[in-house]
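Peer 1: The primary structure of each chain is shown beneath.
2 protein chains.
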Amino acid sequence: MEHLQQVPFSQVDITGGFWRQKQTLNRDVTIFAVRDRFEDTGRFRAFKFDWTPDSDIPKPHFFWDSDIAKWMESAAYILAKTPDAALQQTVEQVIDDIEAHQDESGYFNIYHTVAEPENRFRIRDHHELYCLGHLIEAAVAYFEATGHDRLIRILDRYIDLVIRVFTVEHSAGFTTPGHEEIELALFKLYRLRRDKKYLDLAMFFLNERGQTDEYLTGWGNARYAQSHLPVRQQLTAEGHCVRACYLYCAMADAAKETNDPALFAACRSLFDDITQKKMYVTGGIGSSHHGEAFTIPYDLPNDTAYNETCASIALSMFADRMKEIDPQSKYADTVERELYNGALAGLSLDGKAFFYENPLEINLSDRHRHTSVNDSDRLPITQRLEVFGCSCCPPNVTRYLATVGGSIYSVTDDALYVHQFMENTASVDGMTVRMQTRYPQDGKVRLTIDGAKGKTVFVRIPGWCSDYTCSLPCRMQNGYAAFSADEDAFVLDVDFAMQPSFVAAHPAVRADAGKAALLYGPVVYCMEGVDNGENLFDLVIEPHGGAEVRFDETYGANVITLPAQRIEAADETALYAPCGAEKATPAKATFIPYYAYANRGESDMTVWFRCL
Amino acid sequence: MEHLQQVPFSQVDITGGFWRQKQTLNRDVTIFAVRDRFEDTGRFRAFKFDWTPDSDIPKPHFFWDSDIAKWMESAAYILAKTPDAALQQTVEQVIDDIEAHQDESGYFNIYHTVAEPENRFRIRDHHELYCLGHLIEAAVAYFEATGHDRLIRILDRYIDLVIRVFTVEHSAGFTTPGHEEIELALFKLYRLRRDKKYLDLAMFFLNERGQTDEYLTGWGNARYAQSHLPVRQQLTAEGHCVRACYLYCAMADAAKETNDPALFAACRSLFDDITQKKMYVTGGIGSSHHGEAFTIPYDLPNDTAYNETCASIALSMFADRMKEIDPQSKYADTVERELYNGALAGLSLDGKAFFYENPLEINLSDRHRHTSVNDSDRLPITQRLEVFGCSCCPPNVTRYLATVGGSIYSVTDDALYVHQFMENTASVDGMTVRMQTRYPQDGKVRLTIDGAKGKTVFVRIPGWCSDYTCSLPCRMQNGYAAFSADEDAFVLDVDFAMQPSFVAAHPAVRADAGKAALLYGPVVYCMEGVDNGENLFDLVIEPHGGAEVRFDETYGANVITLPAQRIEAADETALYAPCGAEKATPAKATFIPYYAYANRGESDMTVWFRCL
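So the sequence lines, in the order shown, correspond to chains V and F. If you're matching positions, the first sequence starts at 1 in my numbering and goes up one per residue. If you're matching positions, the second sequence starts at 1 in my numbering and goes up one per residue.
Same shape as in the complex, but just chain V (with noise of 0.2 Å):
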């Protein structure tokens, strides 16, 4: 079938609602929070070259790069909207160091030039190409932005040199890189530049992956980076979570662009096996640290959820994608659960703090369970922080930030997608749209356009709703509704209805066994603790009792009180009773959005909870 094109953020003015808002506070304090997190723990000062192992600086990590790269790529996105000529001072400044630094022979690396030079291309878990990788998404992002293309031309030279070293003298240690990154980034520029040459290492590095049995040094085995079977026979989702739809994102692409059935048929098991079976209600993935891994089916405790903030926004990178070469909902149904979140929650809600790690469920007291010994179990940090020593999450946020407009609108030649719902207008082939919302606070969308004359709009009814109306005519069609569109400029209402619902996971999910989620069209809730007191399982909640919901500046979106009764020991000295002894006290459970958790100190938090 025909793929859909999407409509770059570019096009797309996020005009109003809670996005703008998000947008806002990316632009006006997230990005400089990261920039001078960044100056403090001298990622910027590494990319003089001057570290030695007797200096007083810190000692550059193997993926520091990455890090500053991710941050200029977000400073790219920022500056296409919003010129600001200190950020793009940054930026340049940035470039000039590289240009500085580059090898005669193309490489570039931080790490490997100054401390380990000896073993350039020689450790595949040293992340060099993943470096490279997100260096070259900075440098398509900051060129589309400004139209100045001196990173790409640095670049070029670097990706002439790993072609020379990988495809043709095959002198790496490695074959294909142990994070993949490099490959989605060859995408994007072969996008951009239709060089072939950008294409062709791109397949490379996917069709060699697997062929051998190429583990890594460390502990991990060969699935952990998605290298134990050739990419088309990948059919379920292994290993280090980000890794993996990294890879799963430049498969998507792959099959787009060389309409590979056996890579795309990959692409579809991937993503069924996913969210069928190995995703958190709130869009998180990756159930265990060990690995930051996918696990088996099913496997999805909440207290001990890894989740990673980046995990996340690859699963949406990786949704938005497939929704291109196969317009089913779902695929903009998963990206919308990431952006209302999974992505989401990394962030705090003053901008200025991440989480990198992603719970389901926080236990205060589980911190301090062992009393006698300086022991503990392993548990996610409870408050956001605005730096990690592995700081992949904060400009990873950034950009996802900067570019939701970008998951909006696809076209085809005779048709305009909306798949997602955000206050905006956009310029999209020869059409003129402009959506009106206030979406996720309530379900009203109004959408205005102009020029759309014989073609077909195709509006995404969400998973989550299951009651809506229309104020045109409309067919269903893989989720969403179609619209012909007669009249050259047209007015379409579509109202979701929201209201509290209350999902169930499936059976074999053994961790919400006999629990419920809450969610608010695409929101999903939480408890906590600041709220609703010590213990949130003593709570149970009434789903059909009277619901409250107020919308709250604070969070952007509604705030949800409901009947509950609380579970009191009818003898407080007995620690196991009859059932039916113990005393039910009506209350009331208030529940905020779970992106919102974290932000009033630390608290015990839930998602799951017990319901009537």
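Take the hints with a grain of salt, since some may be wrong.
Identical copies go unnamed one by one, so any copy, or any two together, can satisfy a pair.
[Claimed, not checked] When the alpha-carbon atoms are kept at most 25 Å apart in a straight line, the in silico PhoX-like pairs for lysine-lysine are as follows:
#, residue 1, residue 2
1, K444, K330
2, K583, K277
3, K444, K59
4, K59, K330
5, K330, K583
6, K455, K330
7, K81, K352
8, K188, K81
9, K455, K583
10, K352, K588
11, K455, K444
12, K197, K330
13, K196, K444
No lab work stands behind these hints: they were computed from the structure.
Fit chain F to the supplied structure of chain V, relying on the hints for placement.
Peer 2: Relative to the frame of chain V, chain F by itself:
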């Protein structure tokens, strides 16, 4: 108040039923199985003191003396009922070895003679006094079984050394033992010999404990070894569970011997803290493997429950002592809870294999969660083993089983107390008592008592029982039904109504929120995957449906079948679906006694289940 005097197991013959079967298995199988494994592993051989760094025999561990001592104690208890020349010869051989290798000073410890003599009494956590304690218990048991006091005489010299080193010269590297045990052993010896030096040494160790900041050498803090406070100020159970409960036993012994109200108050507080806040429904204690320790109130996770078998036995020992100084039924209730659950689960049905840890939930799939890294979560083993590196539990189980008859009766000058219900005949303080019962198959108990005229017979009404009949008039006192014996010979029938009963945990026990456990009389039940399919949490039990109760010879108890609903996804591909969309199909759930789990191969298992 007047203290009760235990009627020792030697005066009680278990003549049939559940415990006769267990004792026969213990006598015919378990004692020899433990002996054989201790021979295989070099524990008996170690008493030859011929290990050297160059030898090819296993290096003794510093607690091996105690393993054999507990085995000898068990053998003595068995010999007390059933003479067995070969068994006795094995004990005598060990005593020969001990005599041959006792140091001139009186000191005896294998490890600290052959491997690390320079550290005698230097390292608090090296269990020398713990080993001596177990040897003392063995010596007392063997003397009481056979009249042979040779081991007592040997150890008396060692005890004199300990008295001199610890209480006169203060020349040891520590003041009180890192692992308690010698204290309660000294009380046993004191009661046998009435030599005040034993009492004084026991009281010295009790009174010195927690007076100084005496840490262990390792990773535990003072609380780990109950050294955080003077014993009379220890009001909550802390640290390593077995150490703790052995200490509490000695505190109860001391309270009884010295009529010390502060010690008694501490014991009562410790007992309540354990049984009201830190004990699993099975009687298991010590919810974490970190330190094999008590954690915080209501922290009772099921799948990671450590629940060392020795800790259950130790709590039973503590409770058994408490009932003598405070005859409230809650103490014998706890003994009963251990008898039929926590302690008994440590032994396989064939009598040959043991659990060290006793979780309340097994999910086999959790053991294979990590598919891409060579890492895993720590979880208890799922099948009993015949011996462990640290094999304290097996000989503890066999000594415990051999002496269960000692938990049935106590006397005062004018009363007979009946605490436990086992088919037996006893000769008690001028009375003869015959108890006929099929307990725990049903709750009918017939007592035929001769010689009790003028006394009061107190029969415990079990805490699990809310419905019972007595054939004679009675009054209730502290959980015991009190009968005045007007005749010299009489028959008393008590019938404790047994039926499947469902209990809930205190609402603060997060792990059990919304779940129920099944009891039948004193027996806690569990579901196993082998009976009920792969996912025990997609079964929702109907408590008010018709239960089928069927006696099963294999278990010596009932198997219970309950109606249930099996929850199935309406759409297998939907990881999350609206509450209520799931299908519920009628099913049967089969429950077996918890103590009998893991006897039919590896299987999922749960004590706590979903319930309508």
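Peer 1: Run every hint past the structure and note whether it holds.
Peer 2: Taking the hints in turn, this is what the structure says about them:
1. K444 / K330: Classified as within; 21 Å inside a copy, 62 Å across copies.
2. K583 / K277: between (37 Å within a copy, 19 Å between copies)
3. K444 / K59: For K444 and K59, neither the intra-copy (52 Å) nor the inter-copy (77 Å) Cα distance is at most 25 Å.
4. K59 / K330: neither (44 Å within a copy, 63 Å between copies)
5. K330 / K583: between (43 Å within a copy, 23 Å between copies)
6. K455 / K330: within (23 Å within a copy, 79 Å between copies)
7. K81 / K352: within (21 Å within a copy, 75 Å between copies)
8. K188 / K81: So K188 and K81 pass the 25 Å test inside one copy only (20 Å; across, 85 Å).
9. K455 / K583: neither (62 Å within a copy, 42 Å between copies)
10. K352 / K588: Neither, since 32 Å and 54 Å both go past 25 Å.
11. K455 / K444: Within one copy only: 23 Å inside a chain, 84 Å across chains, cut-off 25 Å.
12. K197 / K330: neither (34 Å within a copy, 80 Å between copies)
13. K196 / K444: For K196 and K444, the Cα distance exceeds 25 Å both inside one copy (45 Å) and across copies (88 Å).
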